[in-house]
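For chain A, the structure is supplied; the task is to place chain S on it using the hints.
Number of protein chains: 2
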Amino acid sequence: MKLYDGGRAPNPRRVRIYLAEKGLDVPLEPVDLGALAHKSPEYTAINPLQRLPALQLDDGTVLTESIAICRYFERLHPEPPLFGIGAKEAAVIEMWERRIEFHLLGPVSHIFRNSHPAMKAMEVPQVPAWADANRPRVQDFLALLDGELRNRRYVAGDRYTVADITGLVAVDFMKPAKLAVPETLTHLKRWHADVSARPSAQA
Amino acid sequence: MKLYDGGRAPNPRRVRIYLAEKGLDVPLEPVDLGALAHKSPEYTAINPLQRLPALQLDDGTVLTESIAICRYFERLHPEPPLFGIGAKEAAVIEMWERRIEFHLLGPVSHIFRNSHPAMKAMEVPQVPAWADANRPRVQDFLALLDGELRNRRYVAGDRYTVADITGLVAVDFMKPAKLAVPETLTHLKRWHADVSARPSAQA
Numbered sequence: 051m052k053l054y055d056g057g058r059a060p061n062p063r064r065v066r067i068y069l070a071e072k073g074l075d076v077p078l079e080p081v082d083l084g085a086l087a088h089k090s091p092e093y094t095a096i097n098p099l100q101r102l103p104a105l106q107l108d109d110g111t112v113l114t115e116s117i118a119i120c121r122y123f124e125r126l127h128p129e130p131p132l133f134g135i136g137a138k139e140a141a142v143i144e145m146w147e148r149r150i151e152f153h154l155l156g157p158v159s160h161i162f163r164n165s166h167p168a169m170k171a172m173e174v175p176q177v178p179a180w181a182d183a184n185r186p187r188v189q190d191f192l193a194l195l196d197g198e199l200r201n202r203r204y205v206a207g208d209r210y211t212v213a214d215i216t217g218l219v220a221v222d223f224m225k226p227a228k229l230a231v232p233e234t235l236t237h238l239k240r241w242h243a244d245v246s247a248r249p250s251a252q253a
Numbered sequence: 051m052k053l054y055d056g057g058r059a060p061n062p063r064r065v066r067i068y069l070a071e072k073g074l075d076v077p078l079e080p081v082d083l084g085a086l087a088h089k090s091p092e093y094t095a096i097n098p099l100q101r102l103p104a105l106q107l108d109d110g111t112v113l114t115e116s117i118a119i120c121r122y123f124e125r126l127h128p129e130p131p132l133f134g135i136g137a138k139e140a141a142v143i144e145m146w147e148r149r150i151e152f153h154l155l156g157p158v159s160h161i162f163r164n165s166h167p168a169m170k171a172m173e174v175p176q177v178p179a180w181a182d183a184n185r186p187r188v189q190d191f192l193a194l195l196d197g198e199l200r201n202r203r204y205v206a207g208d209r210y211t212v213a214d215i216t217g218l219v220a221v222d223f224m225k226p227a228k229l230a231v232p233e234t235l236t237h238l239k240r241w242h243a244d245v246s247a248r249p250s251a252q253a
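First to last, the protein sequences are chains A and S. Using this note's numbering, the letters of the first sequence correspond one by one to residues 51 to 253. Using this note's numbering, the letters of the second sequence correspond one by one to residues 51 to 253.
The set of hints was computed from the structure by calculation and includes no laboratory data. Where hints are given, some of them may not hold.
A pair counts as met if it fits within one copy or between any two copies, since identical chains are not told apart.
[Unchecked claim] Straight-line C-alpha distance at most 20 Å; calculated SDA-like pairs for lysine to any residue:
{"#": "1", "residue 1": "K138", "residue 2": "R125"}
{"#": "2", "residue 1": "K225", "residue 2": "P178"}
{"#": "3", "residue 1": "K138", "residue 2": "R121"}
{"#": "4", "residue 1": "K52", "residue 2": "K138"}
{"#": "5", "residue 1": "K170", "residue 2": "D182"}
{"#": "6", "residue 1": "K72", "residue 2": "R248"}
{"#": "7", "residue 1": "K89", "residue 2": "H153"}
{"#": "8", "residue 1": "K52", "residue 2": "Q189"}
{"#": "9", "residue 1": "K138", "residue 2": "Q106"}
{"#": "10", "residue 1": "K225", "residue 2": "A251"}
{"#": "11", "residue 1": "K138", "residue 2": "P128"}
The following block holds chain A by itself, in its conformation from the complex (with noise of 0.2 Å):
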């Protein structure tokens, strides 16, 4: 198998953060986005949709979107669980990753791209308006996140998991979206700098 990544985006670094966790060495093949390498006929025929990242099978198959790859290598790799043991537990988890997708992950990308100016070709229209909409959403998602990061070590409870790797990237993927954690913020920032602190935070 080969994993098609995309360097310091944010989706392709979520599957190698969680490759990390597992201790699983997966061969890459690095795509260049700054390139437009994604929107190449040769990467379109591997993900008509032209993101990253890829995971290609041996057989040929082709997986994509990055929960889907993250959770094809928990089945067969269950140690340590990322995705919880047991139906409540996953669906807290699950439930904590798709909530800080939709209200953090998301608005701050929408951000990203409809306001710097790297993205001009890339997002086509920009949408300033757009941008400028979805900053009170981050704050006050960042605001329920530090209300609960007050009671548990980690996102969905006492144990990391793959929610953790999507509020990190979410929040590091703030940088170049030109946003900042409020200082008073601070279950927020302890959260953030002990997943920080994880070597996988550096793959």
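Then chain S, alone, in the frame of chain A:
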């Protein structure tokens, strides 16, 4: 347990269709979205994100996010399998479910929320230019999906899955968003007629 339900809105409908396909009967607690009851203090205590649906378990745990709720039931009631069997099939289904969420249900929802007069009080501010930016994305994805459905009966393979549920709800949500499936997309139309004819589509 009880399921906080939101009537005609797309996400609550996804869970109701899923439950109908599984033959599961869960007590519903209606929340009147039109009267903004999802923003009441009572419901905010259930789901601080003020979204529907939400599943409250007998121990008080609240699960939100439609797919997390469905997957919770899938673990308790595996038959018939709507999330696939085995790592690869499950990943292909999750890939398609998420592709439809991000490239169809999401854009249709953005168009509805940012252009429909009835959403003025809910989507503040409405950004009509963002609705316009999403219109071609919807058409591009519908064309891609039509091409996929040329070669197989359902969205993710030869069996009906949760990816078909999200697909059906997304296509039906195009009507209030004032969007139409082009007549030329005959494979998509065949699939839509097929999944719409199932009794679960009435849920």
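Of the numbered hints stated earlier in the document, which are not met by this structure? 8
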